[in-house]
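Please model the complete structure; the sequences and the hints are all you need to start from.
As given, the protein sequences belong to chains G and C, one line each in that order.
For the first sequence, position 101 (counting from the first letter as 1) is numbered 101 according to my numbering, and the numbering increases by one without interruption.
For the second sequence, position 120 (counting from the first letter as 1) is numbered 1120 according to my numbering, and the numbering increases by one without interruption.
If you are wondering where the hints come from, they were derived from the structure by calculation, not from laboratory data.
We put the CB at the ideal spot given by N, CA and C, even for glycine.
A couple of the hints might just be wrong.
[To be verified] Counterexamples of contact, computed for chain G against chain C with all Cβ distances above 10 Å:
#	residue
1	Leu20
2	Gly30
3	Glu44
4	Val102
5	Pro104
6	Ser130
7	Val142
8	Leu209
9	Thr213
10	Arg222
11	Thr315
[To be verified] Which stretches of chain C does chain G cover? Using the computed rule of at least three CB atoms under 8 Å from a CB of chain G, they are:
#	segment
12	1126-1136
13	1218-1230
14	1233-1243
15	1246-1255
[Said to hold, decoys possible] Distance windows between CB atoms, simulated:
#	chain 1	residue 1	chain 2	residue 2	range
16	C	Ser1262	G	Ser129	54 to 62 Å
17	G	Leu151	C	Arg1246	56 to 64 Å
18	C	Arg1246	G	Phe199	44 to 52 Å
19	C	Pro1273	G	Trp10	30 to 38 Å
20	C	Glu1242	G	Ala292	28 to 36 Å
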Amino acid sequence: MLTTRQLLFWILPIPFLLALCLLAGSSGFGIPDLGTATGRALMELRLSRLATGFVVGAALSCSGCALQAVLRNALAEPYVLGVSSGGSLGAAVVIASGLSAVTPLALPGGAFLGAAATLLLVCAIAQRSSGYTPNTLILTGVVAGSMLSSLLMLLLSFARSRAVHGITWWLLGNLQATSWALLSVAALLVALALGILFFEARALNALVLGNETAHNLGVRTRYAVPAVLAAATLSAAAAVAVSGIIGFVGLIVPHALRRLAGANHRLLLPCCALFGGAFLVACDTLARTLFAPHEIPVGVITSLSGGPFFFYLLTRKGKPSPL
Amino acid sequence: MSATRNRPVHTGSGDDLVPVFCCALFVFLCFLSGCVRPAPQPDTSSPRLVSTAPNLTECVFAVGAGDLLVGRTESCNYPPEVRQIPSVGGFGTPYLERLLAARPTHVLETVLADPDLRHRLEALHIPVVHVSCTHLDDIPQALLQIGGLTGHAKAAERVADALRTGIAQARADAASRTAHPRVLLLFSADSPVTSGRRAFVSELLELAGGVNVGSETETDYYHFSLEWLLKQDPDIVLCLFEAAGRNPVALFENQTGWKALSAVRQHRVYAVPDLDTASRPGPRLLEGLAQLKHILELDARRTGKP
Chain G
1 MLTTRQLLFW ILPIPFLLAL CLLAGSSGFG IPDLGTATGR ALMELRLSRL
51 ATGFVVGAAL SCSGCALQAV LRNALAEPYV LGVSSGGSLG AAVVIASGLS
101 AVTPLALPGG AFLGAAATLL LVCAIAQRSS GYTPNTLILT GVVAGSMLSS
151 LLMLLLSFAR SRAVHGITWW LLGNLQATSW ALLSVAALLV ALALGILFFE
201 ARALNALVLG NETAHNLGVR TRYAVPAVLA AATLSAAAAV AVSGIIGFVG
251 LIVPHALRRL AGANHRLLLP CCALFGGAFL VACDTLARTL FAPHEIPVGV
301 ITSLSGGPFF FYLLTRKGKP SPL
Chain C
1001 MSATRNRPVH TGSGDDLVPV FCCALFVFLC FLSGCVRPAP QPDTSSPRLV
1051 STAPNLTECV FAVGAGDLLV GRTESCNYPP EVRQIPSVGG FGTPYLERLL
1101 AARPTHVLET VLADPDLRHR LEALHIPVVH VSCTHLDDIP QALLQIGGLT
1151 GHAKAAERVA DALRTGIAQA RADAASRTAH PRVLLLFSAD SPVTSGRRAF
1201 VSELLELAGG VNVGSETETD YYHFSLEWLL KQDPDIVLCL FEAAGRNPVA
1251 LFENQTGWKA LSAVRQHRVY AVPDLDTASR PGPRLLEGLA QLKHILELDA
1301 RRTGKP
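Below, the structure written as structure tokens:
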């Protein structure tokens, strides 16, 4: 664990890193000539991509962090409640039905609706069975997720090859938001969700010890647990709607930061937002520049670069992570 | 006495056996459902063909051997009489059982999703004939090959000659043109996919007098970054996906990056009406070529460039 001063030492380079990512692109390093229309468009494109990457990275990391705490499971991640499968199915239906060729907003809309419907279904079933106990939630999420994935497989086996191609591309995840309007809506949803999570940070600290202990410590678990679940999944759903399925960020960033910044969620959650966002932006920059003009899925970079760093943290001598 | 005691405890009557019997019957029926009538020794005089690609189906019909075709794919939709032939699976993905049920003497393939299928068919003494249809100049050759196989060599010769003449003439036309608009071939509304110069459509576009902006890449289909596209800034965006009869410009006008393209700002975005002829490496390639030419001419007239 780092002291506050050491943590600042880690935070300070982030703006420089983001600026560096803004300068890099498949058309060359540096600020494009803003005098020309193409140059301005290039800059707008990079800015939009950077903003999308930051919002999605922050949303996924915070969502993963909160879910790991409230479900008390080290393997919990933003998609554990089936959001990814629901979102994928929604997006796939939109692509296969040809709606996505009508308006660019159909795809994120379909994905968000699919994800939100899945969350409601999972919560309703989990509540009926035994309230919001972690194991029931995880099991319900995993079962609902695999059922929805099977429906997706069924759809894929009947879809035409062009639609299959589009669906696969969407599933790999991509940080090119189609418009600023869409990005602002998603950012607003994420900001709302993160606001709720920050507000419940104290409750999260207690919930790590278990629902009962948290209740005895004065946390109103009956409200706090559903609020955290809903907020975490809402932010994941908004991220999925904009960018498709991007793995690894929501699982590893919170774990890595827990080792660096400690398990106090009042500090951990803001760190997750900051580092998660910056991490995804940096990975995306590599994804779009390494093999230009080809673009590779950003998930490839997130796991290949984040994985070794996490192994380093894991084997480093020091206090083990509290989760 | 002791005999009765040693008897296995079995209190129920024969009713207990009903589910077991049902299961056995079900399993037996499952096996039966896969059975096909034993294939009689194939008659060598007239081959029975199964095509595993829509362009090969078109080639078979083009040389006049459509009556020899006993199996097709789901994607085969031309000529219309192809509907009467039973389908044996998808493009490059035939179902072995349905394929065998058609009792073919030869299976035609240009690309198979599962290369192992070739060995399995050959183990069953069904020859798999590979017909190369990747490039423009492969098509006349493919027609001759299929003509030779089906005993329609003369007709194949005629069709192949017509194609060769058409291609040569288009090459001469394209070379004499002064303006060669730079075109982005876009294959999907959902994902940024274009093709390098090795793709068939790319060759067809060059033949029509355009230049594919993706042609600097060797590969056939790939995902591009929008930044690369902005840098290329093509004159025309050619949409090779179903636009549902809409003007495809509307898709891009509000999208970050896309809306800054000169092609989008000047509304030089076109949808290819019949995707089959434009993207199928088959005997109708001249029709596909005519479509692309028509679009380029329309664009030249609109923008006032010869």
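Query - Unsatisfied constraints (hint numbers, rising) - result: Numbers 3, 4, 5, 12, 17, 19, in rising order.
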